[in-house]
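Q: Assemble chain B onto chain A, guided by the hints.
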Amino acid sequence: MKKYIIKRVFISLITILVLVSVVFALVRLIPGDPFASEKMTPEIKANLERYYGFDKPLIVQYFTYLKNLVTGNLGYSMFYPNLRVNDIIASAFPYSFDLGMRALSMAISFGLILGIVAALNRGKVLDFTCVLIAIIGTSMPDFIIGATLQYFFGIKWGLLPVAQYKGISYTILPSIALGFYTLALVSRVMRANMIETIQQDYIKTAKSKGISKLRVIIKHQIRNAIMPVITILGPIVAALLTGTFVIESIFAIPGMGRHYVQSIQNLDYTIILGMTVFYGSFLVVANMIVDLLYGIVDPRIRVSGE
Amino acid sequence: MEQSKFRVIGKNTEKMESISRPSLTYWKDAWRRMKGNRIAFFSLILIVLYIILAVVGPYMNEFDYTSTNVDKMNYFITSPQFKDMELIESIKDMFQTGHYFGTDEIGRDLWTRVWMGARVSLAIGFIATIINTIVGSIVGGISGYYGGRVDSIIMRIVDVLYGIPYMIVAILIMVVLGAGVTSLIIALVLVGWIGSARFVRGEVLKLKEQEFVEAAKVLGVKDRTIIAKHIIPNIMGLIITNLTMAVPRAIFAEAFLSYIGLGIAPPGCSWGVLAKAGVKLMRIHPYQLFIPAFFISTTMLALNLIGDGMRDALDPKLRNE
Chain A
1 MKKYIIKRVF ISLITILVLV SVVFALVRLI PGDPFASEKM TPEIKANLER
51 YYGFDKPLIV QYFTYLKNLV TGNLGYSMFY PNLRVNDIIA SAFPYSFDLG
101 MRALSMAISF GLILGIVAAL NRGKVLDFTC VLIAIIGTSM PDFIIGATLQ
151 YFFGIKWGLL PVAQYKGISY TILPSIALGF YTLALVSRVM RANMIETIQQ
201 DYIKTAKSKG ISKLRVIIKH QIRNAIMPVI TILGPIVAAL LTGTFVIESI
251 FAIPGMGRHY VQSIQNLDYT IILGMTVFYG SFLVVANMIV DLLYGIVDPR
301 IRVSGE
Chain B
1001 MEQSKFRVIG KNTEKMESIS RPSLTYWKDA WRRMKGNRIA FFSLILIVLY
1051 IILAVVGPYM NEFDYTSTNV DKMNYFITSP QFKDMELIES IKDMFQTGHY
1101 FGTDEIGRDL WTRVWMGARV SLAIGFIATI INTIVGSIVG GISGYYGGRV
1151 DSIIMRIVDV LYGIPYMIVA ILIMVVLGAG VTSLIIALVL VGWIGSARFV
1201 RGEVLKLKEQ EFVEAAKVLG VKDRTIIAKH IIPNIMGLII TNLTMAVPRA
1251 IFAEAFLSYI GLGIAPPGCS WGVLAKAGVK LMRIHPYQLF IPAFFISTTM
1301 LALNLIGDGM RDALDPKLRN E
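Protein sequence lines, in the order shown, are assigned to chains A and B. Residue 75 in my numbering is what sits at position 75 of the first sequence, and the numbering runs on without skipping anything. Just add 1000 to the spot in the second sequence (first one is 1) and you have my numbering.
Chain A with its partners taken away, still in its complex shape (with noise of 0.2 angstroms):
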């Protein structure tokens, strides 16, 4: 166990290194001058060259950033001058992680009911039923979900507010739009899982042992089912991830996502460096609490990886 979780350990890291120079290396190759403007006199523009580094060799800057990184120094913008993208990310995280957890315990519990009910009820009205929320939810981008779900809820019948993010009511429009997807997903990984399971020998000993019906669907079939489910955790979490990116623009929310939008929309290299980075090592982290936490459920992966 140990050797896999150094093993995995170093994966990570490399990754987020590769990850680091790779959006270094790709946002200097961005054409055009970030300084250009009208104004521009040379004394100027030497000095904001200055003031982000600029006029020494690319190789010194790289090493420079690595450093500042280590240390948890992002940079500034260019667009706001005395905007750290520390204060960016600290300030609008908290919405975007709350919008997140909001989208994802909604998710991981009505899938995992919508799952577990379909193949408890398989080939019925039931289990059809849920089948086609499975489909509609992964065939619908969010935005236009998020969309639809506003023009409905917000300004057709007036039930919810549309936009922004004060208080509860403000919240579960833009979860349901966020965690949709993810909800299909589960729901059908979990399906599927029942359903095999169903056909495995333990639950026919179980059967047989005279256990009560709930309980062999409970203790046997259920707990066996969901284990799988934590392996679909990682992709979850980067939909989840890139779904804030449009659900906050939609619904006005003050995330981060909704920054990292505008940031790429104004062409603010720094933040849309800084915010990438945060955002692939948080990926690159999660992926690997979701690997660890299935060695440490499943045996058979970490001998295996071994």
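Just to be clear, a hint being listed does not mean it is correct.
Said to hold, decoys possible - In silico BS3-like links for lysine-lysine, alpha-carbon gap of 25 angstroms or less: (1) B:Lys1028 <-> B:Lys1011; (2) A:Lys219 <-> A:Lys124; (3) A:Lys124 <-> B:Lys1035; (4) B:Lys1072 <-> B:Lys1280; (5) A:Lys209 <-> A:Lys219; (6) B:Lys1092 <-> B:Lys1072; (7) A:Lys204 <-> A:Lys219; (8) A:Lys166 <-> B:Lys1280; (9) B:Lys1280 <-> A:Lys156.
What the hints contain is simulated information worked out from the structure, not anything from laboratory work.
A: Same frame as chain A, now just chain B:
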């Protein structure tokens, strides 16, 4: 039973050996089962219909997808001039003008734009996925078949690349390359080949250990021939299924990138661009969102269902069910 009711009608030795039904190859059998799957077959027809409309749709009325008309902005059956008319009448009226889906905020014909957008969205979806699959299959195939050091080097690289989030890299590449169809395809290929490489490698590893490959090796068949005649035909079905499942993901990625303003630059259009424009006007003219949303969703739905159907049709284990 009386014996007299039965008689020998003769034996035809030639006919006894003949095969009474046409022999079914793997692909014919898969096609037969695919046709039997009504949902998948209907989805296939829908996608073919969309492709045909993407080709001919823009020529079905006299409008151009970029030309504007200030006299007919946001023209649809919900427009004020149709206020006192029956729904059927107003639809008829709208159809007579040639604007089957109405017009957008600067009077461009939405029907033409939807199908011009379909060209871009579908082309990106299919082309990016096909290139992905080819690159991924070659890398994964080499890695899986030859194994050893080549394999471990390639897989280490793939492991690291796989850990980097897909969308974030795509966004960055789009920022660097600028909006456009070519850069979208490049971005999607650069991040997409890794998945198919992993998948193909896994399949090749499984097949490599099978007896028929070993037998071919013992008989002195060249590597190239083994790959072409034994490995590829056996994983072709899985690769094609995987490809079908990846197309909706690519279409989604295009829509997503266009939505956040990185995909297709105006005046060009795609379904993502149309949806983005629609969201802006959702309060007053919701049809401008719901029309492109309908096409994006039904396309993704149909492709997912085709993929599901193909997985079932191409899986020999499910053959006799």
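Q: Now look at each hint and say whether the structure bears it out.
A: Hints, verified against the model:
{"no.": "1", "hint": "B:Lys1028 <-> B:Lys1011", "verdict": "violated, 32 angstroms"}
{"no.": "2", "hint": "A:Lys219 <-> A:Lys124", "verdict": "holds, 24 angstroms"}
{"no.": "3", "hint": "A:Lys124 <-> B:Lys1035", "verdict": "holds, 24 angstroms"}
{"no.": "4", "hint": "B:Lys1072 <-> B:Lys1280", "verdict": "holds, 19 angstroms"}
{"no.": "5", "hint": "A:Lys209 <-> A:Lys219", "verdict": "holds, 14 angstroms"}
{"no.": "6", "hint": "B:Lys1092 <-> B:Lys1072", "verdict": "holds, 17 angstroms"}
{"no.": "7", "hint": "A:Lys204 <-> A:Lys219", "verdict": "holds, 13 angstroms"}
{"no.": "8", "hint": "A:Lys166 <-> B:Lys1280", "verdict": "holds, 23 angstroms"}
{"no.": "9", "hint": "B:Lys1280 <-> A:Lys156", "verdict": "holds, 16 angstroms"}
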